[in-house]
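Chemist: Given chain A's structure and the hints, the job is docking chains B and C onto it.
Going down the list, the protein sequences come from chains A, B and C.
First residue of the first sequence? That's 1 in this note's numbering, and the numbers climb one at a time after it.
First residue of the second sequence? That's 1 in this note's numbering, and the numbers climb one at a time after it.
First residue of the third sequence? That's 1 in this note's numbering, and the numbers climb one at a time after it.
Heads up, some of the hints might be wrong.
What the hints assert, rightly or not - Below, computed lysine to any residue pairings styled on SDA-like, alpha-carbon distance capped at 20 Å: (1) B:K80 - C:G19; (2) B:K80 - C:L91; (3) A:K515 - A:S363.
Stated by the list, open to error - Anything over 10 Å on all C-beta distances counts as not near chain B; from chain C, calculated: (4) A62; (5) T72; (6) A77; (7) L79; (8) E113; (9) T115; (10) G138; (11) L139; (12) A150; (13) R160.
What the hints assert, rightly or not - Short derived list, chain B residues pointing at chain A, Cβ under 8 Å: (14) H22; (15) A92; (16) V94; (17) V104.
Hints were generated in silico from the structure; no laboratory data involved.
The beta carbon of each residue, even a glycine, is placed where N, CA and C say it ideally should be.
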Amino acid sequence: MTTHASADHAHSADDHGHHELSFIQKYVFSTDHKVIGLQYFMTGVLMGVLGALASYVFRMQMAFPGHAVPGFGLVTPQIYNQMVTNHGTIMIFWFAMPVLIAAFGNYLIPLMIGCDDMVFPRLNRLSYQIFLFSAVLLIASFFVPNGGFGGAWTSYPPLASNPIYNQTPYGAPMWLAAVALEFVAFLLGGINFITTLMNARAPGMKMYDIPMVVWMIVIASILFMASVGPLIAGAAMLFFDQTLGTGFFDPARGGDPLLWEHLFWFFGHPEVYVVLLPAMGIVAEVLTVFARKKLFAYRTVLWTAVATGVLSFFVWAHHQFVAGIDPRMANIFTVTTLLISVPITEMSFVYIGTLYGASIQLSTPMLFAIAFIVEFLIGGVTGIFLGASGADIYFHDTYFVLAHFHYTFVPIAVIAVFAGVYYWFPKMFGRYMNDTWGRIHFWGTAVPFNGIFIPLFYTGMAGDHRRTFNHLNFPDLARGDLIFWREFSTVSLLIMLAFQVIFFVNFFYSMFRGKKAPANPWNANTFEWVAASPPPHGNFVTLPHCYRGPYEYSVPGHSSDFWPQNEPAPKT
Amino acid sequence: MSQAADAHHGHLNSAGEHGPHHPVSYYVKIWALLLVLLVISIAGPMLGNKVLTLVTAFGIAVVKALIVAAFFMHLNIEKKFVWYMLLAMLLAVVMFFLGTAADVMKYDGSHWTKPTSYLYTEEFKKAFSGGEEHEGHDADEFDSKALPNVPYGETESHKAQGSHKSEGHGLPAAEPRHGT
Amino acid sequence: MAMVQPIATRRSATGIPTGKLAMWWLLGSEITIFGGLLVSYIMMRIMYAPWAEAAAHTNTLAGSINTFVLLTSSLFAVLAHHAAEQKNGKLAAFYLWLTIGGALTFLVVKGLEWTNEIRHGFTITANSFWSFYYTAAGLHGLHVIAGATAMAIVSFDCLRGKNLQRVELVGIYWHFVDIVWIFLFPLLYIAK
Numbered sequence: 001m002t003t004h005a006s007a008d009h010a011h012s013a014d015d016h017g018h019h020e021l022s023f024i025q026k027y028v029f030s031t032d033h034k035v036i037g038l039q040y041f042m043t044g045v046l047m048g049v050l051g052a053l054a055s056y057v058f059r060m061q062m063a064f065p066g067h068a069v070p071g072f073g074l075v076t077p078q079i080y081n082q083m084v085t086n087h088g089t090i091m092i093f094w095f096a097m098p099v100l101i102a103a104f105g106n107y108l109i110p111l112m113i114g115c116d117d118m119v120f121p122r123l124n125r126l127s128y129q130i131f132l133f134s135a136v137l138l139i140a141s142f143f144v145p146n147g148g149f150g151g152a153w154t155s156y157p158p159l160a161s162n163p164i165y166n167q168t169p170y171g172a173p174m175w176l177a178a179v180a181l182e183f184v185a186f187l188l189g190g191i192n193f194i195t196t197l198m199n200a201r202a203p204g205m206k207m208y209d210i211p212m213v214v215w216m217i218v219i220a221s222i223l224f225m226a227s228v229g230p231l232i233a234g235a236a237m238l239f240f241d242q243t244l245g246t247g248f249f250d251p252a253r254g255g256d257p258l259l260w261e262h263l264f265w266f267f268g269h270p271e272v273y274v275v276l277l278p279a280m281g282i283v284a285e286v287l288t289v290f291a292r293k294k295l296f297a298y299r300t301v302l303w304t305a306v307a308t309g310v311l312s313f314f315v316w317a318h319h320q321f322v323a324g325i326d327p328r329m330a331n332i333f334t335v336t337t338l339l340i341s342v343p344i345t346e347m348s349f350v351y352i353g354t355l356y357g358a359s360i361q362l363s364t365p366m367l368f369a370i371a372f373i374v375e376f377l378i379g380g381v382t383g384i385f386l387g388a389s390g391a392d393i394y395f396h397d398t399y400f401v402l403a404h405f406h407y408t409f410v411p412i413a414v415i416a417v418f419a420g421v422y423y424w425f426p427k428m429f430g431r432y433m434n435d436t437w438g439r440i441h442f443w444g445t446a447v448p449f450n451g452i453f454i455p456l457f458y459t460g461m462a463g464d465h466r467r468t469f470n471h472l473n474f475p476d477l478a479r480g481d482l483i484f485w486r487e488f489s490t491v492s493l494l495i496m497l498a499f500q501v502i503f504f505v506n507f508f509y510s511m512f513r514g515k516k517a518p519a520n521p522w523n524a525n526t527f528e529w530v531a532a533s534p535p536p537h538g539n540f541v542t543l544p545h546c547y548r549g550p551y552e553y554s555v556p557g558h559s560s561d562f563w564p565q566n567e568p569a570p571k572t
Numbered sequence: 001m002s003q004a005a006d007a008h009h010g011h012l013n014s015a016g017e018h019g020p021h022h023p024v025s026y027y028v029k030i031w032a033l034l035l036v037l038l039v040i041s042i043a044g045p046m047l048g049n050k051v052l053t054l055v056t057a058f059g060i061a062v063v064k065a066l067i068v069a070a071f072f073m074h075l076n077i078e079k080k081f082v083w084y085m086l087l088a089m090l091l092a093v094v095m096f097f098l099g100t101a102a103d104v105m106k107y108d109g110s111h112w113t114k115p116t117s118y119l120y121t122e123e124f125k126k127a128f129s130g131g132e133e134h135e136g137h138d139a140d141e142f143d144s145k146a147l148p149n150v151p152y153g154e155t156e157s158h159k160a161q162g163s164h165k166s167e168g169h170g171l172p173a174a175e176p177r178h179g180t
Numbered sequence: 001m002a003m004v005q006p007i008a009t010r011r012s013a014t015g016i017p018t019g020k021l022a023m024w025w026l027l028g029s030e031i032t033i034f035g036g037l038l039v040s041y042i043m044m045r046i047m048y049a050p051w052a053e054a055a056a057h058t059n060t061l062a063g064s065i066n067t068f069v070l071l072t073s074s075l076f077a078v079l080a081h082h083a084a085e086q087k088n089g090k091l092a093a094f095y096l097w098l099t100i101g102g103a104l105t106f107l108v109v110k111g112l113e114w115t116n117e118i119r120h121g122f123t124i125t126a127n128s129f130w131s132f133y134y135t136a137a138g139l140h141g142l143h144v145i146a147g148a149t150a151m152a153i154v155s156f157d158c159l160r161g162k163n164l165q166r167v168e169l170v171g172i173y174w175h176f177v178d179i180v181w182i183f184l185f186p187l188l189y190i191a192k
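So that you can see chain A by itself, here it is in the shape it has in the complex:
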């Protein structure tokens, strides 16, 4: 009964004592979770554009070495290193995490658990402000003498710890401080997410009634919290190495460079799952709505995600097989690494099982969701080779590895995010995005994406090493076919980037001029669709009560093919 009531009362709720806020109060210093979510989203996407432009610069250098890059100029080795390093850093820490966890988490968690805000609204704002500051600090590091840090996003010492080696006495500490601040922002945000889910759920919402994306974001926050601590300590140590000249990671002075690698990857591998799980959650929401079918094996998905999280703490040293780690440990980590593909495969099967026998609507979000599963599978399968320590000795640090992890990260941070954006856009702005242009954007993203990275598997196997400034300096790598595939990859990147313009035009045009959307345009079950589109401050006219699980689609005997969580069962 309350399902559609909220839409009618949207205006009265909006006018209810909040119109005196100025623009700055409303959009800059807001404590409203939706505004903070959008702030995270916009900042994250802006940083993502920067990261994408960095990839444009170094891919052009890869394909056409020695030629000035149009719009940028000649790429020097130092600039090349800076671009590669900051592309990786930005895409993971300032694009994937803020968009997948912070933006969707802030926007969706209170809405989906039927609540009016996060439990700590001001902590939430502080988290965003620290994040924004860290982003500004990172960008500022490009403009100090000697430029930004160029020692790869993993920042291994002694390259990272010694200004003599990395030649960026200011850029490197600034980069490190920015990363550490970003961690602090996400710790604060994570505490907020976890506490909100635990304490502020709608009455009646039990453990298995929570939408999967909320679960995934919270599990990811817990993983992040448990894994990032040692790296924060390690960042302090590396910072002292860089600025004060201590020797924590300097073997000549009693330190140990491998310690940093362990500190980094102990965080770095769970981090993969920190960004993967929210993407899996978004896909679960989109799949069930557009398949009009219950999520196949909800509990299996949930506990598989938990198992993945636990296992992710046992696999980190597979990044270090050639770093000189103890071979006995390499055995152990090979086994655990291969093991972790089991839960992820299981989740993929569950999603495919959800599609089986469903009445699928191939809308734009659904296309992206299906593409996520397909592309991510390629990333997962190629990971098997790299998880085996024997094969990894050959593959390590080649473009094969690069192609592998882009086949995981791009589906996560780009394709799943697009699925989420197209899906929740009507909720965020009260208007639809243009579906035709959405489909054009989809094909222009998914196809060139394969064009970029499938050739890189091949060049990697042929011997192209990562972080090489100019492959033509190596006679073995100056072969015609390799040159062709490098150019093919770069051209694919240009096509993919060009198609993103369509997305941005569609996004901003639809924000103001798109077709008006009702409160529940997709006939979905979860609580956020109960609120008006866009939800007013306070979200709900009447805070909803939860009566059932989130994926009750096409329930036999029910009058419509969806059954919102807040609708009481008819009295019999």
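Modeler: Frame of chain A; chains B and C shown alone:
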């Protein structure tokens, strides 16, 4: 917006809703117990027994930490899952130790050596100190000039950052230290 | 800007007040931060027996005094919580100020100790032991400062009888700072 729906959620934010009700003397007693433990942990090492030192220093630290956690932080009356959560975090740290110790607690890997740590090994001391080895001999006191075949780079006494040289990385094996 | 308290802040589905629940998670994340640092230290400490000689220069007396100070301030923190439970804001504030006094004493002792050590040439770059010594104790010192600041803010609310539940929260945080020191003390001072 008044929320009737929330009425059956407890409003537990006020202080001491389910808090403990102990007299002040209860906490003073626990504090006194902690002080006794502190004295033991300071006195233990004075006996000079290494095992005893470890037991008194770290065993008592664990006991003290548990007492503070249980009685001062009131974890003894907190929901059990808080214990589990904190222990899980601790377990993550232990996991980190288990995966890392095998590498960090080694003197050299397959591609590199830690020159300074190399100085600390017993083999090295035996090989280069002419057999006369007295306990507690500081490795820094070795005269690097007396050891021409071991270009071990800098010792800790070289503090300047600029003095890093490439030989800091790979110590040419003075003797094959990692077996086949 | 007058912020209306969202309903969310008043819900408690777990039965644990939200502030306290968040404090536990915060401490969980702190455990991994200190844990990572101390585990790194322990690995190298076990490996390098000669570090014992460096450690021999640490001032056990100063460490012991500081342990005593922190344990005592923990007592005051729990007494402040006790007073807050009985809705006695003024007494709670008084105990909080005693706790802050403990924090300040701790920092003064630490300052004297560090001054003395630095004057003897044991700086953060002297060797790896001293690097860890200053990093670990410094990180802990930052937590002491943060805790004292938080208690000062809470104590002013207490005087006006507001937000008394926060006394317990800063108390829990303070006990955690105490526990970290309980482990730092043997690691840096006693085990030689």
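Chemist: It remains to establish, for every hint, whether it holds in the given structure.
Modeler: Consistency of the hints with the structure:
{"no.": "1", "hint": "B:K80 - C:G19", "result": "holds, 17 Å"}
{"no.": "2", "hint": "B:K80 - C:L91", "result": "violated, 31 Å"}
{"no.": "3", "hint": "A:K515 - A:S363", "result": "holds, 16 Å"}
{"no.": "4", "hint": "A62", "result": "holds, 12 Å"}
{"no.": "5", "hint": "T72", "result": "violated, 7 Å"}
{"no.": "6", "hint": "A77", "result": "violated, 7 Å"}
{"no.": "7", "hint": "L79", "result": "violated, 6 Å"}
{"no.": "8", "hint": "E113", "result": "holds, 16 Å"}
{"no.": "9", "hint": "T115", "result": "holds, 20 Å"}
{"no.": "10", "hint": "G138", "result": "holds, 19 Å"}
{"no.": "11", "hint": "L139", "result": "holds, 15 Å"}
{"no.": "12", "hint": "A150", "result": "holds, 16 Å"}
{"no.": "13", "hint": "R160", "result": "holds, 14 Å"}
{"no.": "14", "hint": "H22", "result": "violated, 27 Å"}
{"no.": "15", "hint": "A92", "result": "holds, 4 Å"}
{"no.": "16", "hint": "V94", "result": "violated, 10 Å"}
{"no.": "17", "hint": "V104", "result": "holds, 5 Å"}
Consistency with the previously given hints fails for numbers 2, 5, 6, 7, 14 and 16, ordered from lowest to highest.
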